[in-house]
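Trainee: In case you want the letters, here they are:
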Amino acid sequence: MILNHRDDFSALRSALRAWLADTLPSDWFEHMVGATEEDSLQFQRDWFSSLESECLATAHWPTRWGGVNLSLSAQSIIYEELARVNAPMIPAYVISLYHLPATLAEFGTPEQRDRYLPAVRNEGVIWCQGFSEPGAGSDLASLKTQAVRDGDYYVVNGQKVWSSYAHGAKHCLLLVRTSNEGSKHAGITYLIVDMDTPGIDVRPIVQADGARLDFAEVFYEDVRVPVENLIGEENQGWQIAQTTLAAERGVIILEKALRWRVQLKTMLHQAQQSNAYWLQDAQLRREYARLMGKMEGVVTLARRVISENERGELRSMTPAYTKILCSELAQEIHSWRARTAGIEAQLVAPKNHLVEITNHPMSDYLRSWALTISGGSNEIMRNLIAQRDLGMPKR
Amino acid sequence: MKEEFRDSVASVLKAECDTLRLHAYVDGRNNLDLDLWEHATQLGWLGAIVEEEFDGLGQDFSMIPLFHREFGHYLAAGDFISTHTFTATLQAINDADFSKQYLPALAAGRIKPLVPVTDDHIALEVKDGVLRGISGPLLGPAGASIGAVRATAENGDPAIAIVDTDTRGCTINDLPVLDQTRRKLYTLECSDLQPLVVLQDDRFKRADRALNTSGRLATASDSIGVGYRALESTVAYLSERQQFGRPIASLQAIQHRCANIAKDLKLAQCQLEAALAQLLNGDDDGNDSATWIALAKAECDEASTQAAAESIQLHGGVGFTWEYDCHFFLHRTRLNEQFFGSPNDLRGDALDRLTSDFRPTSQ
Ligand SMILES: Cc1cc2nc3c(=O)[nH]c(=O)nc-3n(C[C@H](O)[C@H](O)[C@H](O)COP(=O)(O)OP(=O)(O)OC[C@H]3O[C@@H](n4cnc5c(N)ncnc54)[C@H](O)[C@@H]3O)c2cc1C
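In the order they appear, the protein sequences are chains A and B.
Using the numbering used here, read the first sequence as starting at 39 and increasing by one per residue.
Using the numbering used here, read the second sequence as starting at 851 and increasing by one per residue.
One chain only, chain A, in its complex shape (with noise of 0.2 Å):
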């Protein structure tokens, strides 16, 4: 096992490097690129197991996640070692490893941890999440997908909108509305809702960059949820939201800085030995030397926010910091790259997804909004420094 190294950082990291040598197929990148997006998310499930046939891929789960709580510089070497050989992202992964856990460890019933966490890591089940609907954005408490309570099930009425990998998931964390009485957050519940339950409609949602399958919108007709799905209690789903929304800001944010980290010291290496245009130009060499520099006061703060959730500082304003600071920092990464690459960015070109860098920049660019506007909107995050961190006046 490469994790019987853990407390050895070098040889952790030797360990690391052999196995990717030996286990990631060396034409992977080629034969992912122009992959249609079913080719994509098969390619995933595979990597996801080769991955936890190491317990990479849960390493970072904490004891009570069932995982092996791997300590934080640990883990940084599992993801500097992926970035290294740029590994492939596994993006429908993201809510079975950080929001599920997160939100069963604090809320959920011994008998769906023992259900549901294993199934992840044996089966490589895929969860989405259904909390946005149309009318629920940014101001979430106000949705509005509505559960009646009946006999031993809730019947469940309404539509979502985003779920990112609703087309490949085998089970959804889905928000509902069961009372209209008092405040608007106090009457939302908290359910898992098996996907192929009667009634559900996936209608895949077409991608500004042309992604067919990454997010899609759901329609629930008299879908019958069993009410052992009940994550907590009826009523309480907005405190647990707050749990699975806080996942979210964790360790998937030190992923990606050290992916982009690591990519911008390729980058710059691939620039020199093609000799791109731009190493001859004084501004843009500034320019890419800001943005290093700017990484890593990222990387920095990314790994503040898991510090401070291990030391239990639930109220810190670091996470809110973080995601506006590595979403821009990303966006404007992209930005240089997309305005340097010349008229070949704009061309049509196939490209493989599973990176964070891809080989098309203006793709790249675009797919940065994903970042700027999830997870809270950049927006929201001003409000909430301004107004929490600062202590400007609400009105």
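Treat the hints as calculated values from the structure; they're not laboratory data.
The model shown is predicted, which means the values in this text are computed figures rather than measured ones.
C-beta atoms are modelled at their ideal positions from N, C-alpha and C, and glycine is treated no differently.
One-sided excerpt, in silico: chain B residues whose CB lies under 8 Å from chain A:
#	residue
1	1089
2	1113
3	1197
4	1201
5	1205
With chain A fixed as given, assemble chain B with the ligand onto it according to the hints.
Mentor: Just chain B with the ligand now, kept in the frame of chain A:
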């Protein structure tokens, strides 16, 4: 230890360097710079990074940001950057006699040093072992008696000379600056001045590196201190000032501008912390920590300049008055930008360094 140190610096500055006193200093009605120097010597601040055997506190470079962030925050009158920078430079030369002679005096604040803040070395020449010409701008407290200056060596290379400014052939000229919290820089006019030492080659490189590292850490931290002070005063003003029947601070357009300042300062500060950690822990990943310190300094100065600039606009008319502090913020950060490398220069140098170890691999 470090927290105590910072708290003590902060509480002394809070008491001694409040806005009223600072304005009185600027208007020539007190000697705040000398008073602060007196406190600094009594409390041992100036010996923070001086070894214990030379009567200092024996701390590492992480003291520099602690110290200067507070000095920036209180817009401390006078100069304290040069002492730490000069100390670091002497330590890098590692000459037993020099150390013994000067480090205890620096730690005790008995001698005040000047240090070069730009790379200028053209107009000052070493010829036959003596200095002739005029130095570039130098930073230091009033009444300096020793200085490091950049000069051109006889072989044409850049060098650093250490000089006793009380020696014959040495005149200190004032170079008044717009920043009224620091008032002036200096130049050294040398006619056949006998230097204490001229550092060349390897010794120059070590001295130059130490001077830049400590100078940039100190300046960047000073900027961050000013930047957060500008943000705090702005938020405080906005929360009091009412227009349209509500505090201006409740307007979202205003809130987002403040949040932008806060997040840019946060990033700059994290960059500085990361760079300091790389310096102290050698966590260098093959790259020189000097690169990351340079980039962090550029970011700290610019984020703080932006905070200062926004403070003027967001204060409205009063922000445009002599009486308010906003112009102090902006003058101070803009001057900082020019110390030890401007953002443009630092970023350009950084990319040169990052690409310098490149060997093309044959295809
Ligand atoms: C790639 C991607 C993947 C996603 N995946 C999922 C998923 O898996 N599951 C899921 O449930 N949701 C998902 N979302 C939805 C995401 O959470 C929402 O898009 C987000 O919360 C914003 O809501 P909205 O799109 O309705 O925009 P709106 O809330 O309508 O906002 C529109 C604009 O107004 C601004 N704005 C809104 N309110 C304020 C305010 N109070 N102050 C200032 N500005 C404001 C916003 O910042 C934005 O710029 C995803 C979104 C994207 C882009």
